[in-house]
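Protein sequences, first through last, are from chains A and B.
The numbering used here applies: residue 1 is where the first sequence begins, and numbers increase by one.
The numbering used here applies: residue 171 is where the second sequence begins, and numbers increase by one.
It should be emphasised that the hints constitute simulated quantities derived from the structure, not laboratory data.
Here the structure is a predicted model, which is why all the values come from computation and not from measurement.
Glycine is no exception: its CB is placed at the ideal position from the N, C-alpha and C atoms.
Incorrect hints may appear among the rest.
[To be verified] Residues from chain B that face chain A, not an exhaustive set, calculated with beta carbons under 7 Å: (1) Cys300; (2) Tyr302; (3) Asn352; (4) Gly354; (5) Gly376; (6) Phe377; (7) Met379; (8) Leu382; (9) Gln411; (10) Gly412; (11) Gly425.
Residue-level listing of the chains:
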Amino acid sequence: MRSFEYFKALFGSRSAILTTLVLAVIYYIVIEYIVKLGFGTGQAFVTVPQILIYTLAISAAALLTISLHSIRLSVSKARNEAEGILSIATALIGGVVAGCNCEVPIVASLLYLLAFNATTVSSVISFLANYQLEIFVLLIIVNVAVSAYHLSRLSSSCTIKNGRLVPKRR
Amino acid sequence: MPQSKKRSSVSQQPAHIAQLKRTIRTLTIISTTALMIGIVAILLAAIPIVSAALKGPAPNFGHTIAGINNPLTPSQLAVINNASNSAFEAAGEAFLSGNFSNVGGFQRVNTTPLIINGKPSVVYLGAISCIYCGENRWAMALALSRFGSFSKLYIGYSALGDGDVPTLYWLPAAYNETSGVNFGSNYSSSYINFLPIEYISPIKSGFQMQPLSFFQQKVNQTQDTGYSQAVNMIIRLNSFQGTPYTIWGNSVVPGADGSIFSNQTTQLTNMTHQQVLNQIQASTGLGSAEYAAADLYIAMICESINNAAPVCSLPAIPRIEAKGY
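Using the sequences and the accompanying hints, generate a full structural model.
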């Protein structure tokens, strides 16, 4: 369970926990904002359980924290940046999916811009509506799986000393 | 030359140490993969539990499905059919004065109206599970009542997993059906045709929808040329972005009339049908906002019928037409 040891070492520091919490709050605000953005004025409805939105925000924040700390530890910058982008992307997609899918003006506008027709757009709306929960859970799985994978890869470039991650000497 | 150093240090390692390192690396990969598969399996196993939590009865949602599919009583129906013009006028003026921030805001698109039997058509595509359709039908019924009348309307709700708002159904809905569609209503008018298309899915789930090709297939089975033309028009217009989607003569509204779910003290989700009808009758709170939303639709129909109906002569209507939406 090397991943778990590296998880403990990384999140044993206050700075990592604080970073994750701050990022989770930011992601949560972003998700809620995107939901509201889809409905113009007035009240927007979030139709996935709130617990899943919190979980997505935290899992995306944890992934970004791991990426940021890995950059600090001088581990493959390109890969960390890619994972940082993935973390942001899952939160943004989560925001689009979390709202009531009876109206998806942002997604629809984007698809029409890409020259898709109404039949295709309606298929996307139908897919989002019928698999909303599954898509949301999948986004969380992606964050958790990539985080676990990344932590396991840290063993090649970092070592644990006194419960902290330090770069291996080359 | 760190690489050559590294290479030389590896080459200097005894064979059994190199073998041990390879074994450790293999075990690391296997354990990481196993960990990831385990996490994914746990999360996948959790989906039905989470899904059941989402789709189960929600005690805080409105009034569940009490009286669903029952026709409105004559006195309830009269609130819609016999609404007073003064209520439309007052709400229209209030809208023009900027009193309803939650009404309108949609992007209207001009089109050539669908003419059937010499009358322009109002086309509606919605779903019983859709919360915005649920709210929108109140304003739609009020607007349509100015150009004709409903002989029947039915008690309805949006899906329990999608807000459970009290609403009107155009026709009784088979709310346990996995996937179906209702075409039609009990509406008649000498000015316009009303062509509602309602997607039916289990009311205890959340919002569900089918692609437009599904409606095309269903309408072909009915061999109704009016509805066939309506569905083809929605596909041709290329502006569908969800439900409700309405066409009011020569105006297309790809979205709801606004977001009329609260009048600051009462949430639509917590009201009974009678409470909504009382507010419409008294033109107070949520009721007055529904009149304002209806005025926008009335203005669009009036544009399409050259202001031929008496309601088009209300002072607020041409001003709303001129202002846009």
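Hints, verified against the model:
| no. | hint | result |
| --- | --- | --- |
| 1 | Cys300 | holds (4 Å) |
| 2 | Tyr302 | holds (5 Å) |
| 3 | Asn352 | violated (17 Å) |
| 4 | Gly354 | violated (21 Å) |
| 5 | Gly376 | holds (5 Å) |
| 6 | Phe377 | holds (5 Å) |
| 7 | Met379 | holds (5 Å) |
| 8 | Leu382 | holds (4 Å) |
| 9 | Gln411 | holds (3 Å) |
| 10 | Gly412 | holds (4 Å) |
| 11 | Gly425 | holds (6 Å) |
Hint check: violations occur at hints 3 and 4; the rest are consistent with the structure.
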